[in-house]
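Trainee: Given the structure of chain A, go ahead and fit chain B onto it with the hints provided.
There are 2 protein chains.
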Amino acid sequence: MDGSVDPRRGRLLIMGGAAGPALLVRFVELAGSAAARIVVIATASESPETAEASYVDRFSALGAGSVEALRLTSRSQANAPTVEPVLRAATGVFFTGGDQERITSVIGGTATDSLLQTLVAAEGLVLAGTSAGAAMMSGTMITGGDGTGVTAQCVTTGPGLEFLPGVLIDQHFAQRGRLNRLLSAVARYPHELGVGIDEDTAILTDGNCFEVLGSGAVTVVDAGTAIDIRVPRTGPIALAGACIHVLPAGYTFHLTGRRPVIGTPAAERDEAA
Amino acid sequence: MDGSVDPRRGRLLIMGGAAGPALLVRFVELAGSAAARIVVIATASESPETAEASYVDRFSALGAGSVEALRLTSRSQANAPTVEPVLRAATGVFFTGGDQERITSVIGGTATDSLLQTLVAAEGLVLAGTSAGAAMMSGTMITGGDGTGVTAQCVTTGPGLEFLPGVLIDQHFAQRGRLNRLLSAVARYPHELGVGIDEDTAILTDGNCFEVLGSGAVTVVDAGTAIDIRVPRTGPIALAGACIHVLPAGYTFHLTGRRPVIGTPAAERDEAA
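Top line first, the protein sequences correspond to chains A and B. Its first residue numbered 205, the first sequence is counted upward by one per residue in the numbering used here. Its first residue numbered 205, the second sequence is counted upward by one per residue in the numbering used here.
One chain only, chain A, in its complex shape (with noise of 0.2 Å):
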């Protein structure tokens, strides 16, 4: 489908951190309200603890049929038979957030992982992840920076989990003034697209195009239009001809064609479909 969000397709909920109501709501929706089996995974908090009780508690208030956490702190964990079971009884993943480099380490090439990818790409499973577990989502993942300008110091970069390849997610966006950083990451990998989303803001996603949700904005830098870059290892990076959008709730976005799909707004879609 050319334009909009297919439901039908397993599909990724990335939210830029401080998630309100409006958006857990949305997931659990996702995940099939009353009949959704909710499972929440804390890798990224350093108290996954408190971060486990917090969602659990707030899913379940917000109507989720089941909700339980997966505490998975090791690789062996990640690794345990035991997991599979669990996950493949979810109709929705929900990772917190906390250091994404945590999730890689932990996650990363385990059995979790593995069945994470399938279930999502073949069964409809809804993945969705607040700040550090937005990050990890990307193909490349912004690991570190919040420097001043544009500069290939202000940025460190590391393979996300690639559940949504070709994208290179920044989160807290607006709150943190992150387009400096997102601009230095895409003169650096001009094939990934940037995406930084803003705090209670979020994107959904089934690969092909992605849709604004939440009260804040989602702002896509495409360097692939750049005609002319260059990253110095010091100094400014120069970069001309690079593209720009800032998308409020509504919006959608193509990701595969690079570009805003303007016309229908998406609630009239949704209403004539």
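None of these hints come from the bench; they were simulated from the model. Backbone N, C-alpha and C fix where the C-beta goes; we use that ideal spot for every residue, glycine too. Mixed in with the good hints there might be a few duds.
[To be verified] Some chain B residues close to chain A (C-beta under 10 Å, calculated; not the full set): (1) Ala378; (2) Thr423; (3) Val424; (4) Tyr455; (5) Phe457; (6) Ile466.
Mentor: Coordinates of chain B only, in the frame set by chain A:
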């Protein structure tokens, strides 16, 4: 002349604040070095004595033939007949930082304003300004705002003195993380080209092209290419399909063509000329 700054035309040297010696030397050279007659106008400053003394000392130390301050803190001073001989004798005029609205309210529409416009356009006067002295050169001037995200509320604007029409200049750009407010301003006024100048960085322009000088970068945001813009009273702005250029020293931008000049680096063009 297409693609480079014409040295025979009147020139503007517009600095993003915190200008180091290299940029100040460039101004002194453009004004004629030992033959330079520089006038410092500290109208923007809350303490004009201090700002005047500081720049008079610096330009003198950098080899300017003569440097004097012109105190303009009221409209009657800016309309006084004593101003004309001072400005007519000058080869360079320098506006200090402070509050850009003091410049527009004290000088806007006065004999000083008219004379400066004439001298820059027809007589080859070099007009320089830093920070507030840069902002006031715009067609539309940013007067305030440093909010979160790209919203109508996060920036306030007013008319500048229009030495460089069609352009909306912001300063201290990377240092104060001002890309959001520049995006907001051009979303509201897409005919204005947004030009964000870092500290210790400047553009030198003949009104047709500008060249980037200094240690930082100049960020150009062009909303003219946008295919969809929505500016709600509250909440995030939509701006789809804008163009962004991050240009360090040596890059040239064609203002009327709204495109960077990519190809022969400025240094080689200078040698060939």
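Trainee: None of the hints should be skipped; say for each whether it holds.
Mentor: Status of each hint after checking the structure:
no. : hint   : result
1   : Ala378 : 4 Å, holds
2   : Thr423 : 8 Å, holds
3   : Val424 : 9 Å, holds
4   : Tyr455 : 6 Å, holds
5   : Phe457 : 9 Å, holds
6   : Ile466 : 5 Å, holds
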